[in-house]
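Protein chains: 4
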Amino acid sequence: MSFKGKIINDPIYGFISIDDPVVFRVVSHPYYQRLRRIYQMAFAHLVYPGAVHTRMAHSLGAYHLMSQALGELQRKGIEITPDEATAAKVAILLHDVGHGPFSHALEGTLVQGVHHETMSRLIMEHINAELNGALDTALAIFNNTYHKPFLHQLVSGQLDVDRMDYLNRDSFFTGVSEGVIGYDRIIKMLTVHNGQLMVEEKAVYSIEKFLVARRLMYWQVYLHKTVLAAEQMLVRIIRRAREIGAGCHPNLHYVLYNRPDTEDAAELLRRFTMLDDVDVMMAIKEWQQHPDRVLATMCTCLLNRNLFKIKLQSEPIAPEVIAQKKAAIRQAHPDVTEEELSYLVFTGEARNTTYKTDDERINILFKDGSVRDISQVDNALIQQSLAATVGKQYICYLSV
Amino acid sequence: MSFKGKIINDPIYGFISIDDPVVFRVVSHPYYQRLRRIYQMAFAHLVYPGAVHTRMAHSLGAYHLMSQALGELQRKGIEITPDEATAAKVAILLHDVGHGPFSHALEGTLVQGVHHETMSRLIMEHINAELNGALDTALAIFNNTYHKPFLHQLVSGQLDVDRMDYLNRDSFFTGVSEGVIGYDRIIKMLTVHNGQLMVEEKAVYSIEKFLVARRLMYWQVYLHKTVLAAEQMLVRIIRRAREIGAGCHPNLHYVLYNRPDTEDAAELLRRFTMLDDVDVMMAIKEWQQHPDRVLATMCTCLLNRNLFKIKLQSEPIAPEVIAQKKAAIRQAHPDVTEEELSYLVFTGEARNTTYKTDDERINILFKDGSVRDISQVDNALIQQSLAATVGKQYICYLSV
Amino acid sequence: MSFKGKIINDPIYGFISIDDPVVFRVVSHPYYQRLRRIYQMAFAHLVYPGAVHTRMAHSLGAYHLMSQALGELQRKGIEITPDEATAAKVAILLHDVGHGPFSHALEGTLVQGVHHETMSRLIMEHINAELNGALDTALAIFNNTYHKPFLHQLVSGQLDVDRMDYLNRDSFFTGVSEGVIGYDRIIKMLTVHNGQLMVEEKAVYSIEKFLVARRLMYWQVYLHKTVLAAEQMLVRIIRRAREIGAGCHPNLHYVLYNRPDTEDAAELLRRFTMLDDVDVMMAIKEWQQHPDRVLATMCTCLLNRNLFKIKLQSEPIAPEVIAQKKAAIRQAHPDVTEEELSYLVFTGEARNTTYKTDDERINILFKDGSVRDISQVDNALIQQSLAATVGKQYICYLSV
Amino acid sequence: MSFKGKIINDPIYGFISIDDPVVFRVVSHPYYQRLRRIYQMAFAHLVYPGAVHTRMAHSLGAYHLMSQALGELQRKGIEITPDEATAAKVAILLHDVGHGPFSHALEGTLVQGVHHETMSRLIMEHINAELNGALDTALAIFNNTYHKPFLHQLVSGQLDVDRMDYLNRDSFFTGVSEGVIGYDRIIKMLTVHNGQLMVEEKAVYSIEKFLVARRLMYWQVYLHKTVLAAEQMLVRIIRRAREIGAGCHPNLHYVLYNRPDTEDAAELLRRFTMLDDVDVMMAIKEWQQHPDRVLATMCTCLLNRNLFKIKLQSEPIAPEVIAQKKAAIRQAHPDVTEEELSYLVFTGEARNTTYKTDDERINILFKDGSVRDISQVDNALIQQSLAATVGKQYICYLSV
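Top line first, the protein sequences correspond to chains A, B, C and D. Per the numbering used here, the first sequence starts with residue 698, numbered consecutively. Per the numbering used here, the second sequence starts with residue 698, numbered consecutively. Per the numbering used here, the third sequence starts with residue 698, numbered consecutively. Per the numbering used here, the fourth sequence starts with residue 698, numbered consecutively.
Calculated from the structure, these hints are not laboratory results. A portion of the hints provided could be inaccurate.
[What the hints assert, rightly or not] Residues from chain B shown here face chain D by an in silico Cβ test under 10 angstroms; the list is partial:
#1 F712
#2 R772
#3 K885
[As the list claims (entries may be wrong)] Mimicking SDA-like on lysine to any residue, the simulated pairs with C-alpha atoms at most 20 angstroms apart in a straight line are:
#4 B:K899 to C:L743
#5 D:K703 to B:E769
#6 D:K899 to B:K899
#7 B:K1053 to B:L864
#8 B:K922 to C:K703
#9 B:K701 to D:G1066
#10 A:K922 to A:T1086
#11 A:K1008 to D:S1067
#12 B:K899 to D:D707
#13 C:K703 to D:D707
Think of the CB as a built atom: it goes at the ideal place given N, C-alpha and C, for glycine as much as any other residue.
With the hints as constraints, model all of the structure from the sequences given.
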């Protein structure tokens, strides 16, 4: 049977082509289709109503950029075989397949102690077995054990197609146009030197712009205080439900109450791949009527966008501020317990780094053959001081 | 307490301002927030993955265009009081609040025999009571009993802000850029003559373009054959579930099994306003394991985007084609019943009209004061022949 | 010496690649570079200030679309050799190289009786001689003598890349966003059947949209009454200058006063290829001080955008209206002659056809292998009545 | 006679409204209309073919942003009278009216020793006299003698509407999409504190983005090496012409050969206001045939885009490199003089500063009422090191 190919409309890139039968089988797999039902940006849509795009749309977008990047490198004479190209495309398609409901927002909360990359690997292995090893190279690239490291760097690195797509896409759907990056220009300037992914000298200003766009998106969107409040409420809803043993649909129940290290891993994976945002949203809708008033309150508030108040600042939250917020609730509800208050008033830290220099770098290849990190070029905008992780402190509380 | 106003980011229009306390209360109401959880385009995202935008985003967009249109008319000297302006804005915000899960796709299926406009009216009356009559004028405009008919025509007419927004928005999110309309130009050319909404003479080509964009969006997007297949599967899932008495969450259950004419209307409304896409999606997820194999099959196929095949044509579907599709299933599943087959092979008609001339018109106001319908101008593109409803016949079937 | 290729930034398409040495030589030729100094839309910028884009930008854009279209056809299995591809690209690059200053606006006025396509052919032959026949195939395609007619149809036909680019580009630079067409979608749907260029069945609505966009651009932009007035003033400036023997730079002078049929064709061509908008603009600037008051007035009015008034209507201009405009001028300037008045008050007709069915057609290839014209499909928007040329009458006059 | 207002289409902002009779008279003035014939970006179009937009389009765009900014400040309760608003709009419309042909590229070369702001002031005074003092306040704002300094800062400052428009516009027309700035967001966040223009705290990331976009546009576009080469050739064409007394049209001739300090200033101004790019382009076209071979060569090369080669570097150009380039020319043209060589091989420096902290600042108004410079906020991206002017050295030479 011949494979005719498929064209998908994308609001950002126009047409995305699926022109390989393995890619088509991966995209058609129920595990992949599940990504349709997971928001890319969790509850950011409570602030940016357009931001309801899905993990699947992002995955397809990153796949599209991967196709472009591979084509560009091939045009520049870098050897990439057809099998390697397919494998790199599959690797990027599946790089986020291990995300659970509300992805980052519930990472570590829903399935405790397991990172989504580990889940992605398990799911890829599962699909690989179904497809009789067709994903072997994709897995090697994903795991960074393949002998051409630049392929892994395209999937996951300081300048990977994952970031290029999510910055662009999140910017597009939120309407925060300042997050738009010149992805086509950056892709045109990618190159490979000694097996490593680099960018050409003239890309310096585009890279600076990319890093500054990322910085802006973090503080203005991903760590927007109202988004933070909503996502922290979600985390506490799950924690509270688990703590009091709140009932829910069997799949969600299984994942909530079985730790990954002690239980049947295969069963956990099976249950996990049936979960998406729908299950969690449905549980929250039901828990509005739960007898536990903390759980019910948090669920009703979140659903009706009647969110906890939040305050962000550079300095630690003063103990007296916390005490004052608790006192206000106690005045309105004299029978509230200290344990309940720990859900209704809480503090935390939002963190971001503009540019990490320690673990991975953005290497610039100069015309004279020398290689320097973006923070080491002449008159660099990106400096050592931006490599530090910046934390902002917040207090979040039920307003009474 | 003073009202500070609120700005919402929209990917299409940039900033949308909420600058009126009544509007703010409406937008904050749980009945309005529910629209966040209803897809604007039901299952169109199975073909256009970006099209996951919500009824709420559309409603806010239409509200924004209403603000622009009212401002433009005021600049032209048309009298619109501040109260009328607020009322028109509230009317457009709530014009779709009566949509249930998957809106048009399940209209008439979920709540049998009740149109979403009726539901919108009931909900508006409910909120109006809560707000002590603050929505009286909005209701009059919505019901077209207000003495300035152009205000109703802005909410609902051949050239209302509802259509302007949904064409633009659906075009934007699907990536079908050809649906984009020059809404700003049309709004600049709106006027009122004898109390009726009209457009100025020079708008003729923009209006033609608007109608052609609408025609294109219907055939290319809303009635796209794969979208049709998915939505018809959804309709039959609900019908089958009701027929066999499939279990589901109490709110959905109540609405499924109580006809609006025979039951307690207040209770039905209460249950209805707690439903959104989540409830239906959750039911479909659960019904994948339902013992009724027809229901389970349809649910699994829909969730995994393993859709029934569909064929569209101008001529009626020949009986032998239907027989042949049924025979194929019978061969694979010899014990299938005729009643089951009626779910697995079915036919229908997709219908659209490019321009309705009978009930409502797009009136052009000429410089000499005369008024003509768009289909009556010199060298009209929009002609009588486009006023006929065009139907395309389809057959949809499980592929075995 | 190896050819490295060149990338050009375009505000519409992003990056345009020049990847062929023959294409590069053509683009570098002074005859081609001259197109930088000719407005694509003559004096449309008096109404749409952004519309100052050049013939060269349009030519490069059409070249880019040609590259895309050829690639798409090749992917569909249509045989196009590398030499044919280069030739088709060169043919589109040079299709407009014969345009003189202010292109269409002065067509037939500056070089009397010679169409720009004839000039393009002469210039192509000239460059071909310089390049030792490297443009032989390009010329055959341009002249429609090549044995694959679809290549000529891509250069010049109802659905050629020339129109696709100019509609898009003119729409982009004027800000009349309604002229934007779904060029990428149309290109994806191009095909070749029996050697003829066609579009696939599903393109019907996109083609309708394309024709309606073109109709809109004609009446709203190209034949905008103020643009018409400015361009008719320009035509009459040239006519008046020639009539009274006004002085100007030798190259312009030679072309103005030598008829192409009676003079040394090689010398005329040589002079012509040195002319561009600059020469005409400079002459107009100088003629502001010309003793002939008609010429001086028209030049000053045009430069300062103090344009003649214009009135457009369906019916012929009544003789008494003309008489009245002349009388008004005569009252202000009693010594004005009838001959002078013929420049200060004049009438004419603006003409456009939405869809020509007689000479060339847009053929739709149906899945069953049948071919029908766009005006013959089911429920066609494009009908016979749109094939008629529509004329609007205008009177243009100096306002005193 | 009542003033009806006028709407201008702009490809970037959509509709620009002229709703004030004084503004309308300014825009209609021949001195203003002259800006139609001056490229905003001189010869940048040799690299970015779309960048042929005019000073007038930029001026109208800045005017539009001024209208938006004033409206926003008024909404925030800052007192701006209708007269002040009109004056601020006129001031921005005319801020660049003193630019001569090719604006920045020939600044100081054509009219020696006079800055374009001085010329703008003289022209504004001239129009003011014509309009009987209607521009008094506009002049005071322009000259920064008005008692509300924030109005001047909107016209000219680190965050003025001039920069916002040119970054946006130049980015749009070049196709370097990375220069796009979130102008609407910045405008929404403008405020006035103690009479000074400031931005609110939450604008920090948008301002960073604005400064980085500006940095990128400088190095990637304005100081692009090929653009530099073309503009330096233009400067040397004018210098050479003046040196050898090359003939040209009387207006250009007068300006070339009369120093502003020694001659009749009124006559110089009169001549100057009749010059635009056309005069200089025409002279260059004529000088192609000039007997001075240096002048003729430079003119022919510039017109045919056969530009001098250029090399940019951080270090000074080594004397031996200069000598080597001169030797190459001498070998090809043994009779070339050292004086001629000074035109055919030359060096220089391109300079830019990312953020000037000495003279003017971008002040951030914090919620607690404190004011800090953008370089002083927490975790600032914009640091002291970016306040230094960065120079790159170049050598530019005729390639033989």
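Do the hints match the structure? See the list:
Taken as an interface hint, F712 (chain B) checks out: its beta carbon lies about 7 angstroms from the nearest beta carbon of chain D, inside 10 angstroms. Residue-level restraint check for R772 (chain B) holds (minimum Cβ-Cβ distance to chain D is 9 angstroms; threshold 10 angstroms). With 10 angstroms as the threshold, the beta carbon of K885 (chain B) comes within range of chain D, its nearest partner Cβ sitting at about 7 angstroms, so the hint holds. For the suggested pair K899 (chain B) and L743 (chain C), the alpha carbons sit about 19 angstroms apart, so the restraint of at most 20 angstroms is met.
Annotation: proposed proximity of K703 (chain D) to E769 (chain B) holds, straight-line Cα distance about 14 angstroms (limit 20 angstroms). Between the alpha carbons of K899 (chain D) and K899 (chain B) the distance comes to roughly 43 angstroms, so the proposed pair goes past 20 angstroms and is violated. Straight-line distance between C-alpha atoms of K1053 (chain B) and L864 (chain B) comes to about 17 angstroms, which keeps the hinted pair within the 20 angstroms bound. A C-alpha spacing of about 43 angstroms is found between K922 (chain B) and K703 (chain C), which places the hinted pair above 20 angstroms, so the restraint is violated.
Under the criterion of a C-alpha separation no larger than 20 angstroms, the hint pairing K701 (chain B) with G1066 (chain D) is consistent with the structure, at around 19 angstroms. For the proposed pair K922 (chain A) and T1086 (chain A), the alpha carbon gap of about 18 angstroms is at most 20 angstroms, so the pair holds. Proposed proximity of K1008 (chain A) and S1067 (chain D) is supported: the alpha carbons are some 18 angstroms apart, at most 20 angstroms. A hinted pair counts as satisfied when its Cα atoms are at most 20 angstroms apart, and K899 (chain B) with D707 (chain D) qualifies at roughly 18 angstroms.
Between K703 (chain C) and D707 (chain D) the alpha-carbon distance is near 31 angstroms, which puts this suggested pair outside the 20 angstroms criterion.
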